[in-house]
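Student: Heads up: the protein sequence lines correspond to chains Z and U, in order.
To convert, note that position 26 of the first sequence is 26 in our numbering; the numbers rise steadily by one, no gaps.
To convert, note that position 77 of the second sequence is 77 in our numbering; the numbers rise steadily by one, no gaps.
Calculated directly from the structure, the hints in this document are not laboratory data.
Small disclaimer: the values here were computed from a predicted structure and weren't measured.
Hints should not be assumed to be uniformly reliable.
[Unchecked claim] Pairs of lysine-lysine residues, derived as DSSO-like cross-links and limited to a Cα-Cα distance of at most 27 angstroms, are as follows:
(1) U/K12 to U/K28
(2) U/K28 to U/K11
(3) U/K68 to Z/K65
(4) U/K67 to Z/K65
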Amino acid sequence: MIDPASGPFLFDTSAESWLERSEDSEFSRWMRVYLSHHFIHISAITVLERVRGYSSVWQRSAGQKRHLVESARTQYLGALGRVWPLDGAVAIVGGEIMAMLPHPPTPPRRAHRLTESRQERLARWRFDGMIAATALVARMPLIHNNAADFEAVRSAIERSPGRFPSLGPLELIRCASLA
Amino acid sequence: MGPARSLSRVKKQRTTLTLPSDSFTKAKNIARARGVNLSTVISEALSEGLRQHEATERSEEVLNAYKKAFSGFTEVERALLDGIVLERAPRR
Chain Z
1 MIDPASGPFL FDTSAESWLE RSEDSEFSRW MRVYLSHHFI HISAITVLER VRGYSSVWQR
61 SAGQKRHLVE SARTQYLGAL GRVWPLDGAV AIVGGEIMAM LPHPPTPPRR AHRLTESRQE
121 RLARWRFDGM IAATALVARM PLIHNNAADF EAVRSAIERS PGRFPSLGPL ELIRCASLA
Chain U
1 MGPARSLSRV KKQRTTLTLP SDSFTKAKNI ARARGVNLST VISEALSEGL RQHEATERSE
61 EVLNAYKKAF SGFTEVERAL LDGIVLERAP RR
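Go ahead and model the full structure; you've got the sequences and the hints to work with.
Tutor: Dropping the structure here:
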């Protein structure tokens, strides 16, 4: 278990929503204690991914569903904690990560008869690199729900510390190990 | 700047409080040990209690907002909200 008071932590996009959706009361308790000590820290990339998601669902919806989507979007944006910008330092570190790992370590997602295009997978991989870069620059552990991608980034940084002077290692915390 | 010093700068108001006698005794002992007056110890304890109360309120507000932000969506829509775009695979 990770002491919630020992934060703050940077939350990856899927980790932020996973913790809310979790049915396990232990995780809800963990979040309550965490929030009583710290803000939820996220990268501006997470805001980008989330708003793109809300907008895409809104465009595919009609009538009452559009109201629900708009209301959900408003709730999300109203509750934003600390958003870390994509500044010069993050861009430099993100560029190094992308150069070391140009290709996603796992194939595109599939669900039922649906699939993620290669182009979308590559874009998501690059976003993950920028979120990892933000965690390094902010010197915060990264809470994630995507071990394959972030472990690949962590290993690459460990293999080439010279490319990340005075930064790292990338500290990763899996959602499931929080509570 | 210590809490006692920062408290000395804020606007003050005199009031009468009824406290549990064991809390009163503990506060007096702390004041004596630290060499400050009883008001300082009680003000600090009250400030900390209020800070915790506000933090708990903020925590509940954020959790309620998150609940509304991620409810009512299908699995595919949830994936979209997480930045994963799933679409019907093109026919070969």
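Student: Could you run down the list of hints and mark each one as holding or not?
Tutor: Here's how the hints hold up against the structure:
no., hint, in the structure
1, U/K12 to U/K28, "20 angstroms, holds"
2, U/K28 to U/K11, "23 angstroms, holds"
3, U/K68 to Z/K65, "14 angstroms, holds"
4, U/K67 to Z/K65, "17 angstroms, holds"
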